[in-house]
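Q: If you want the building blocks of each chain, they are given just below.
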Amino acid sequence: MYTASDLRKGLKIQIDGEPYIITEFDFSKPGKGQALYRTKMRNMITGVQFTQTYRSNDKFERPNLEERKMQFLYAQDNEYHFMDTTSYEQIFLTKEQLGDHLNFLIDNMEVEVLFFGDRPIDISLPTFVNLEVTVAEPWAKGDTSGSDTKPVTVETGFQLQVPPFINQGDKIQIDTRTGTYITRVKE
Amino acid sequence: MMTPDGLQHRSQLLQAIRCFFLENSYIEVDTPQRLPVVIPESNLIPFMSEGCFLQTSPELCMKRLLARGCERIFQICHCFRKEEHGRLHQSEFTMLEWYHRGSDYFDLMRQCEELFCFLAAQCAAMPGVVDDSTIRWNGTTVSLAAPWDRLTVADAFEQYAGVSVKEALLTDMFDELLVTEIEPHLGNEHPVFLYEYPVERALLARRSAQNPTVAERFELYVAGLELANGFSELVDPQEQQSRFMEEIAQIRLTREQKTELPRLFLEEIGKIDASAGIALGVDRLCMLFMGVTDIAMVLPFSFEEL
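Top to bottom, those sequences are chains A and B. Numbering of the first sequence is given in our numbering, commencing with residue 1 and proceeding in unit increments. Numbering of the second sequence is given in our numbering, commencing with residue 188 and proceeding in unit increments.
Because the hints were derived from the structure by calculation, they are not lab data. Every value quoted in this text rests on a predicted model; they were computed, and no experiment measured them. It is possible that some hints are incorrect.
[Unchecked claim] Cut-off 20 angstroms, straight-line C-alpha distance, at most; resulting in silico cross-link-like pairs (EDC-like, lysine to aspartate or glutamate): (1) A:K59 <-> B:E363; (2) A:K171 <-> A:D118; (3) A:K59 <-> B:E270.
Chain A on its own, in the form it takes in the complex (with noise of 0.2 angstroms):
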C-alpha cells in the first residue's frame, strides 16, 4: 500500500482496480490546515486524464504491473502480435493501445511489454532504433537555399526532418522519446 506522502510524479498506484501513473503532482498546506495532495493522472490502459486532491490518510494499492522483454512478429489487422522470446508465449496489443509507438516499430523488434496483472496494456520501445529511409528527396549539390534539413520518410511511415545529405536506402537513427533525427548508420 502506498500512502498519500508517498505520492509523487511518476507514482503508479490502483485505483478501482485500474492502474494509473501520476503525472503532475503538487503539495499544498494553508496555513495550520491539512495537508492536501494535489495530483493529476493518467489511465494506463484507456488513456484518460484526470485531476484528484488526497489528504493524508488516504491509501492506494499498488497495481501489479509487470515488464517483460518480447519480440515483435507481426501485424494482422488491428493487432501487433509479440512474442516472449524465453517462454514463446504469445500476446497482442491493438493499434489504439500502441498509439505513436508504431511511428518506430518494425519486425523482429525487441520491447518492453508493460503487463497489469496478465493483461498486456503499453510497450517501451529502445530508446534509439535504425530505421531504413524509404522517401527521401535527393540532396541537390550546391542547393544554397539555406535550408539545413529536409523531410524524409522511413520505413514505419514515419515522417521526420534530417540533413540534406541523407538518401533513400539509408539507415538512420532515431530518439523514440522526441522522434528526432540522431545520426546516420553504416550496416
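Let chain A serve as the given structure and place chain B on it in line with the hints.
A: Just chain B, lined up with the frame of chain A:
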C-alpha cells in the same frame, strides 16, 4: 542548490531582518529546538529525537518568555514538520517569529507593512525587488505601499469559493477551497491580510470580542504566496487547555504520537497580558525577494541534496 550570489542574497535578507527588529527594540532569543513536549496540533506531525520532539515552531518557548516578562522578542530558527515536502515546503525550514506584549493582531499587520518596506529598501538589488515599494514574483507585480488590503475569511469564501465558511467547514472542504479557489486571488496587487479565521482553525489565537465564532488570526499573502501567520495570543489557560484536549483527541484518531498537555506552558500563559505573535516563513520570504518559485532554490541545501 544555491549559487554564491543566492547565498549572498539570503545572508543580506537575514541581516536586514535582524536589523529591523533590533532597531525596533526587540531582543533576539534562541530557544531549544528539541523539546520534551510540543503543542498538540493535529495537522502538524513532529519528528522524534531520542524520545523528545524537534520543534514544529518556537511558539511554546517564546510565549513562556513573554510570561517571564519579556516585552519584545524575535527569533530566527529552524523548525521541523514531518511529511511536508513540495514546491513551497521542506520538512526542515527557517522561521522568523516575533512577539510583542501589549499589542494585538492589527498592530502585527502594520508591523508587517513596515518590515516588508524596510526589507525592500535594504535589499533593493535582489532579483525580485523592483524598487523600494514594489516586488515582482511569479509574473505578478505587487505594490508594498501601505496600507495593505484586509479581507475576512468569510468574505473570501463568499467572493471566491461561492460558499459560506460554515458550509466549507461542515463539508470538510475549508482547506481545499482555500488552496484551490481563494489563494490564487490573494495579494496580486497589494499584499493582503486574510483575517478572522474560524475559532476551530486558530488553536492558539484569542476569540474575537465582537464575533465569538472567529479568532483574531490572520495569514499574509503576497502574489498568492502565503508568508506569515499572526494572531492575538490566547492567554486564558482554561480555554487553551480545552482546545488542546480536542486536538489531542483528533491526533489519537489519526496517528500514533505521544500526546500530552504542555503543562508548564498552560500554567504560565495566564501571566501574559494582551500580546500578539507571528510566524513568518523565511525561506518563502527569500523566494519572494529572490524571484524564485521553488523553495529548494533558496536553501543552501535542500534535503534531496544531502
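Q: State for each hint whether it applies.
A: Right, here's what the structure says about each hint:
1. Our distance criterion of 20 angstroms between C-alpha atoms is met by K59 (chain A) and E363 (chain B), whose separation comes to about 18 angstroms.
2. Using a Cα cut-off of 20 angstroms, the hinted pair K171 (chain A) and D118 (chain A) is violated, with the two alpha carbons roughly 36 angstroms apart.
3. For the hint linking K59 (chain A) to E270 (chain B), the alpha-carbon distance of about 15 angstroms falls within 20 angstroms, and the restraint holds.
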